[in-house]
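Colleague: Chains as they are written, first to last, in our numbering: chain U, 9 to 337; chain P, 9 to 337.
Among the hints, a few may not be true.
A pair counts as met if it fits within one copy or between any two copies, since identical chains are not told apart.
In silico DSSO-like links for lysine-lysine, alpha-carbon gap of 30 Å or less [claimed, not checked]:
(1) Lys231 - Lys39
(2) Lys60 - Lys323
(3) Lys25 - Lys231
(4) Lys87 - Lys60
(5) Lys231 - Lys183
(6) Lys39 - Lys25
(7) Lys323 - Lys178
(8) Lys178 - Lys20
(9) Lys20 - Lys231
(10) Lys239 - Lys104
(11) Lys239 - Lys20
Calculated from the structure, these hints are not laboratory results.
Here are the chains, one letter per residue:
2 protein chains.
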Amino acid sequence: MEDIANRLNVSKGTVSKALSGAPDVSETLRKAVLETAVEMGYSRIQRKKDAKCLCVFVENMLYLQQSDFGYDLIMGFRKMAEPAGFSVEVVELDRKLQREIPYDEYMLRQNYVGALFLGLSLSDEWINQLRTSRTPAVLYDNYIQNSPHTTFVGIDSSEGMNLAIDHLEKLGHQKIGYLSSALGSYVYQTRYSAFLRAIRRHDPHWDESLFGSALHTSECVQKHLPRLLEKGVTGILCSHDLLASAAMLHSQELGLRVPEDISVIGFDDLPLCACTAPPMTTVRQDRQELGKSAFYAMSSQLGGTPISTLLLHAKLVVRSSTGPAAAGR
Amino acid sequence: MEDIANRLNVSKGTVSKALSGAPDVSETLRKAVLETAVEMGYSRIQRKKDAKCLCVFVENMLYLQQSDFGYDLIMGFRKMAEPAGFSVEVVELDRKLQREIPYDEYMLRQNYVGALFLGLSLSDEWINQLRTSRTPAVLYDNYIQNSPHTTFVGIDSSEGMNLAIDHLEKLGHQKIGYLSSALGSYVYQTRYSAFLRAIRRHDPHWDESLFGSALHTSECVQKHLPRLLEKGVTGILCSHDLLASAAMLHSQELGLRVPEDISVIGFDDLPLCACTAPPMTTVRQDRQELGKSAFYAMSSQLGGTPISTLLLHAKLVVRSSTGPAAAGR
Chain U
9 MEDIANRLNV SKGTVSKALS GAPDVSETLR KAVLETAVEM GYSRIQRKKD
59 AKCLCVFVEN MLYLQQSDFG YDLIMGFRKM AEPAGFSVEV VELDRKLQRE
109 IPYDEYMLRQ NYVGALFLGL SLSDEWINQL RTSRTPAVLY DNYIQNSPHT
159 TFVGIDSSEG MNLAIDHLEK LGHQKIGYLS SALGSYVYQT RYSAFLRAIR
209 RHDPHWDESL FGSALHTSEC VQKHLPRLLE KGVTGILCSH DLLASAAMLH
259 SQELGLRVPE DISVIGFDDL PLCACTAPPM TTVRQDRQEL GKSAFYAMSS
309 QLGGTPISTL LLHAKLVVRS STGPAAAGR
Chain P
9 MEDIANRLNV SKGTVSKALS GAPDVSETLR KAVLETAVEM GYSRIQRKKD
59 AKCLCVFVEN MLYLQQSDFG YDLIMGFRKM AEPAGFSVEV VELDRKLQRE
109 IPYDEYMLRQ NYVGALFLGL SLSDEWINQL RTSRTPAVLY DNYIQNSPHT
159 TFVGIDSSEG MNLAIDHLEK LGHQKIGYLS SALGSYVYQT RYSAFLRAIR
209 RHDPHWDESL FGSALHTSEC VQKHLPRLLE KGVTGILCSH DLLASAAMLH
259 SQELGLRVPE DISVIGFDDL PLCACTAPPM TTVRQDRQEL GKSAFYAMSS
309 QLGGTPISTL LLHAKLVVRS STGPAAAGR
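Given the sequences, and given the hints that come with them, work out the whole structure.
Modeller: Dropping the structure here:
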């Protein structure tokens, strides 16, 4: 705690308060303390002797530090878990760890009663072990077929895509394109199939030539955006906000105005969406609520009610990256 | 209470205990009391002055009395709702009521803070009003697109169908048929598409000639079963237990043995499944847990976390209506 206090230039008492969730510490400071604590080996600080311990696996600590997404989700999770008598530890889910030790053995050794996974990918070693494990696991945006002790928590992608497409249709858009990260992960597969169902309700003849995907954001935009524009697309949905942000920038580089010439919609509502030029219309996932729901799913499993899937309602946040369809294009 | 006591030949005190959920009243007696209370206008008995009131709409009281399904679900719901300070009233959802009074007005007049719907069908008058209503509604086995204040609660049909098909595959079945009630309701649509996804993972060439549906159970079995048998089907999945039970009986009437000649799997695990000859293998929905989850979804909505979908894990209950595939057929 002293190290964290020194690093942040606050008192040791403040750090202690922030870690224990005292109400007189601001959310910003709590976040800074948590962030620093994670960097410095948070797990060793937090655990109380009598508390049952839950583990949050994050795919990549760096990612966690760069984006508010994971933090807010973990915050929501902790806000519910700690008053219920659990302590929560954050652990990096690296491939080496997964090769070295089987999942159940790791959980047992560390004395974790359950795990929340942020960013487990389909190629992770432990994903198959989760099918047979009896330790409750909650997976953010991941569904593992036939694994009775895992819960998939996320938002209703179908609803999100419907809202986005309804919005574009009302603005007069006829040709709508879709850009996506590589379809190798469950979340992007789900969003694309949700998009397909939604677009085909509006336009039964929509065909995949208005779709483009690639592993990296810049590659995806540079490879596919000009092609979609040439085909007369006036509205583009993107599988996530960073891609939408890149699509907006690249459109502007190509001399187009957003939204006058091209409307762009993201997915997630990361904080950056309020700061893009123009501010981005996007499908919102409430990160704190996702974290809270993840804890509910966890406690429900621990209590013997095995939830398979828990999806929150999606919301469309309309900002300025969408407008009436350009008549001329 | 006196009328119920007289009808059931127990004391008024016992009825009062049963209605208030006292632990020294057996589940069987509580059920009988609730059943009688519903018949006699339960809603007038139950409400306490200070309690917030939730409403359970049931499509058909008669159905509720004939099957344990609704009762167990309502029991699970009440078990959670009442300790949390809610009173629960059961109301028949008839078409006349829906034509006479808009949903929101009804809820307001009756002072209900939320509703659980059992058996709302796609043709019900109120289903469109639920899209715009701000009163939290939880729908058992029903999903209404783009309605931010409704939650769909059910079981994971995909998982159920996968478990059933995996089971038949392990027993050596190659040709698997599917019988269903008419696909006019959300639940049967969902089960059929879950079946399709599951069967095509095992047999990409499965075609719809091995599928049959009809409005009534007997009609469905008589029309389609002989056809499926002629095509060499050795295993049949049914959209629900009553249909599976009819399929077993009709197979036996046609001179076939279950499971030696034909394996049959139901869906729901109604109490009857343990009593069919032979006892039925079926996909289980835990009715009490569904009721409990429905209450969680309700309280989550009331607390401002809008859940879209909550699915429980499915289980396969293996009894004796399934066995190794007949080699000769």
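Colleague: Under a CA distance limit of 30 Å, which applies to Lys25 and Lys231: within one copy, between copies, both, or neither?
Modeller: Neither: 50 Å inside a chain and 71 Å across chains, both beyond 30 Å.
Colleague: For Lys231 vs Lys183, is the C-alpha pair at or below 30 Å within one copy, between two copies, both, or neither?
Modeller: within (19 Å within a copy, 45 Å between copies)
Colleague: Give the relationship of Lys239 and Lys104 under a CA distance limit of 30 Å: within one copy only, between copies only, both, or neither.
Modeller: neither (45 Å within a copy, 52 Å between copies)
Colleague: Classify it for me, Lys60 with Lys323: is the Cα-Cα distance of at most 30 Å met within a copy, between copies, both or neither?
Modeller: Intra 35 Å, inter 28 Å, cutoff 30 Å: inter-copy only.
Colleague: Using 30 Å as the alpha carbon limit, work out where Lys178 and Lys20 are close: within a copy, between copies, both or neither.
Modeller: neither (55 Å within a copy, 61 Å between copies)
Colleague: Is it within, between, both or neither when you check Lys323 against Lys178 at 30 Å Cα-Cα?
Modeller: within (17 Å within a copy, 44 Å between copies)
Colleague: How would you label the pair Lys239, Lys20 (within, between, both, or neither) given a Cα cut-off of 30 Å?
Modeller: For Lys239 and Lys20, the Cα distance exceeds 30 Å both inside one copy (60 Å) and across copies (76 Å).
Colleague: Is it within, between, both or neither when you check Lys39 against Lys25 at 30 Å Cα-Cα?
Modeller: The answer is within: 12 Å in one copy meets 30 Å, while 50 Å across copies does not.
Colleague: Within, between, both or neither: how does the pair Lys231, Lys39 come out at a Cα-Cα threshold of 30 Å?
Modeller: The answer is neither: 38 Å in one copy and 65 Å across copies each exceed 30 Å.
Colleague: At 30 Å max between alpha carbons, let me know whether Lys20 reaches Lys231 within a copy, between copies, both or neither.
Modeller: Neither. Shortest intra-copy (52 Å) and inter-copy (77 Å) distances fail the 30 Å Cα cut-off.
Colleague: Since the copies are identical, ignore which copy is meant and state whether Lys87 and Lys60 lie within 30 Å (CA to CA) inside a copy, between copies, both or neither.
Modeller: This pair counts as both: shortest intra-copy Cα distance 15 Å, inter-copy 26 Å.
Violated hints, listed in ascending order, are 1, 3, 8, 9, 10, 11; each of the other numbered hints is respected by the structure.
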